[in-house]
Structures are given as structure tokens and as C-alpha cells.
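Turn these sequences into a full structure, and let the hints guide you.
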Amino acid sequence: MSIKCTGHMTEEVQIPREKDEPNQKGSMPSHATLFLLTLPPNAPAPLSSGLRVDVRKSAPSVVDRLQRQIIIADCQVYLAVLSFVKQELSAYIKGGWILRKAWKIYNKCYVDINALQELYQKKLTEEPSDAANDNHMVAEGVTEESLNRLKGAVSFGYGLFHLCISMVPPNLLKIINLLGFPGDRLQGLSSLTYASESKDMKAPLATLALLWYHTVVRPFFALDGSDNKAGLDEAKEILLKKEAAYPNSSLFMFFKGRIQRLEVWYLPHLLKIKPLMIPSLLSAWGPVWMRQNAIG
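254 is the number that UniProt numbering gives to position 254 of the sequence shown; each next residue is one higher, with no gaps.
Hints listed in this document are in silico derivations from the structure and should not be mistaken for laboratory results. The beta carbon of each residue, even a glycine, is placed where N, CA and C say it ideally should be. There's no promise every hint is true.
Calculated cross-link-like contacts (lysine-lysine; reagent style DSSO-like; alpha-carbon spacing at most 27 Å) [said to hold, decoys possible]:
#, residue 1, residue 2
1, 242, 199
2, 108, 202
3, 174, 199
4, 229, 256
5, 199, 241
6, 104, 94
7, 241, 256
8, 123, 199
9, 202, 256
10, 202, 101
11, 199, 256
12, 122, 199
13, 199, 108
14, 122, 108
15, 202, 174
16, 202, 241
17, 108, 94
18, 101, 174
19, 202, 94
20, 202, 104
21, 104, 199
22, 236, 199
23, 242, 256
24, 86, 104
25, 229, 241
26, 108, 174
27, 104, 174
28, 94, 174
29, 123, 108
30, 101, 86
31, 242, 229
32, 242, 202
Between beta-carbon pairs, the in silico distance windows are [to be verified]:
#, residue 1, residue 2, range
33, 94, 246, 34 to 42 Å
34, 205, 101, 17 to 25 Å
35, 182, 86, 21 to 29 Å
36, 93, 230, 30 to 38 Å
37, 90, 249, 33 to 41 Å
38, 65, 241, 26 to 34 Å
39, 84, 169, 13 to 21 Å
40, 164, 72, 13 to 21 Å
Here is the structure:
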């Protein structure tokens, strides 16, 4: 369409449009063709909706997926603890629901990692020809070291769940088991021991949890009856293994003091163990000890 001006009058003149002819050999390519030709070879293909899909982005590996699931479960445990701090009925219900979701993730990851370890061991023991024909091979990139680290990471939460739930009173334990929380004390201690000996970042926390159980929980709840020295051998063994790694840790010193307190209850032996504490102990406990010996 064009506008033709004549004096003060304007006249609209209709110009017929040329019919669109199909592209023939030797004709100019369309704009869409030019756009596709200018794309780099590795560029993602455009979709009709205007979105693009990056075909080069690979799916996360098995190790990354399991690691993310463990991190999610850890975060859910922390959220549940924050909910319990509110000390409200609704917060307790919400925290219990969050803990149940965390336990489901821990349990699934623990089972998957054990299955991967079994497949890896099977792969090492099989003949090369049998391993090539195996359709259930371990995914590429999965190593024994990564599997051990993952099992150490999940064993901390998995074992802590088992250990804490196993200490619930028997009448309440039946209700908790119906809600989907199992409690096996031996399984919990075994998992925490594995986590403490692993190379995962939560290995020190697993060690502290074991020391807390053997030196605080067992004598306080009288899990072994009137025997207050039960569990001291296990705690001594743990401290002996970790003493070189944490020589000046205040927490390890605290648990060492707990062991000595449960082991000895009289002053002379305590003075032999801690000679640097003689002046303060003599001023504080000397008169008491003298009165006890005088009465005896």
C-alpha cells in the first residue's frame, strides 16, 4: 500500500502484493534456514515454545545422587530438632513427620549403598569374560573409596536413629515401631563404629556419639544394671585410637575425665593420674578424705 499526495487531497492507492512463490532451486533461503545455518555445531536445538534443551548436560552420577539424598536427610533432621525446640504440640507432630521422612531417606540410601558395594565386590571377583556379560555392572565412576565414604556418611544418621530409638521405653517403643521407626541397638552401634572409622566429615561426630553413649547414657539410664563400669573398655579403646588425631580436644578430655570418674572414686589414685591437680584437689577434697579415713 502507498499514499499519493495531490495538492491538499490524499489518495490511497492499493498496490497488489506479489504472490509468495515456493522456494525453487537457486532461490534465497528463508530467515529460519539462515538462523539454523548460523548456529554452532554444538548449540542446543530450539523448541517450538521458544525454550531450549541443553543436550550436553548429563544426568548426575550415582555417587552425586546418593550424596545429595544424604545431605537432604541431614537437613531434615536439623529442621526436626528446631521444631522440637519450640515445645509445642504442633511442633512435635511436625518434627516427628520430618524425622520420619529423614529416616526413609537414610534407610533407602543405606540399602542402595550396600547393594552397590556387593556389586562392586562381585565385579572384582568375577572373570573378565563374565564381567563383560554382566548386565548389572556398577555404574561408571563408582569406586570402592567413594562407596566407603558414602556408607560412612549415611551410617552416622542411620546408626543414630537406631541407637536413640532403642533407648525408648518398651511400651512406647511398640508405638514408635508402628510409625515406621525401628530400633536395633547393636545395628546402631555397628553403624556408628563404621562411620567413626570412615573418611567422611562426620566421622568425629560419630566418635563423640559413641563416647557419649558409653560414658554418659549407659551409666545414667542404668542400661547394664548396677554396673557403672560397663562400657568403659569400649570408651578407652575409642580414646586410644583417636588420641593421636585429637590430642588437645576439650571434648575428648571431658570424656576421658568421665572414664576416670567412673573408674575410680577415691582420692589417692586420682592424684596419681593427675599430679598437676594436687594443690587444688588437696584444698578442696583433702579435709573430706581425711574425715572419711578417720571415721573408717
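Each hint tested on the structure:
{"no.": "1", "hint": "242 with 199", "verdict": "holds, 13 Å"}
{"no.": "2", "hint": "108 with 202", "verdict": "holds, 19 Å"}
{"no.": "3", "hint": "174 with 199", "verdict": "violated, 36 Å"}
{"no.": "4", "hint": "229 with 256", "verdict": "holds, 14 Å"}
{"no.": "5", "hint": "199 with 241", "verdict": "holds, 14 Å"}
{"no.": "6", "hint": "104 with 94", "verdict": "holds, 16 Å"}
{"no.": "7", "hint": "241 with 256", "verdict": "holds, 13 Å"}
{"no.": "8", "hint": "123 with 199", "verdict": "holds, 24 Å"}
{"no.": "9", "hint": "202 with 256", "verdict": "holds, 21 Å"}
{"no.": "10", "hint": "202 with 101", "verdict": "holds, 21 Å"}
{"no.": "11", "hint": "199 with 256", "verdict": "holds, 24 Å"}
{"no.": "12", "hint": "122 with 199", "verdict": "holds, 23 Å"}
{"no.": "13", "hint": "199 with 108", "verdict": "holds, 21 Å"}
{"no.": "14", "hint": "122 with 108", "verdict": "holds, 21 Å"}
{"no.": "15", "hint": "202 with 174", "verdict": "violated, 30 Å"}
{"no.": "16", "hint": "202 with 241", "verdict": "holds, 16 Å"}
{"no.": "17", "hint": "108 with 94", "verdict": "holds, 22 Å"}
{"no.": "18", "hint": "101 with 174", "verdict": "holds, 19 Å"}
{"no.": "19", "hint": "202 with 94", "verdict": "holds, 26 Å"}
{"no.": "20", "hint": "202 with 104", "verdict": "holds, 20 Å"}
{"no.": "21", "hint": "104 with 199", "verdict": "holds, 24 Å"}
{"no.": "22", "hint": "236 with 199", "verdict": "holds, 21 Å"}
{"no.": "23", "hint": "242 with 256", "verdict": "holds, 12 Å"}
{"no.": "24", "hint": "86 with 104", "verdict": "holds, 24 Å"}
{"no.": "25", "hint": "229 with 241", "verdict": "holds, 20 Å"}
{"no.": "26", "hint": "108 with 174", "verdict": "holds, 22 Å"}
{"no.": "27", "hint": "104 with 174", "verdict": "holds, 18 Å"}
{"no.": "28", "hint": "94 with 174", "verdict": "holds, 20 Å"}
{"no.": "29", "hint": "123 with 108", "verdict": "holds, 22 Å"}
{"no.": "30", "hint": "101 with 86", "verdict": "holds, 20 Å"}
{"no.": "31", "hint": "242 with 229", "verdict": "holds, 21 Å"}
{"no.": "32", "hint": "242 with 202", "verdict": "holds, 14 Å"}
{"no.": "33", "hint": "94 with 246: 34 to 42 Å", "verdict": "holds, 36 Å"}
{"no.": "34", "hint": "205 with 101: 17 to 25 Å", "verdict": "holds, 21 Å"}
{"no.": "35", "hint": "182 with 86: 21 to 29 Å", "verdict": "holds, 27 Å"}
{"no.": "36", "hint": "93 with 230: 30 to 38 Å", "verdict": "holds, 36 Å"}
{"no.": "37", "hint": "90 with 249: 33 to 41 Å", "verdict": "holds, 39 Å"}
{"no.": "38", "hint": "65 with 241: 26 to 34 Å", "verdict": "holds, 32 Å"}
{"no.": "39", "hint": "84 with 169: 13 to 21 Å", "verdict": "holds, 18 Å"}
{"no.": "40", "hint": "164 with 72: 13 to 21 Å", "verdict": "holds, 20 Å"}
In the structure shown, a violation is registered for the earlier hints numbered 3 and 15, in ascending order.
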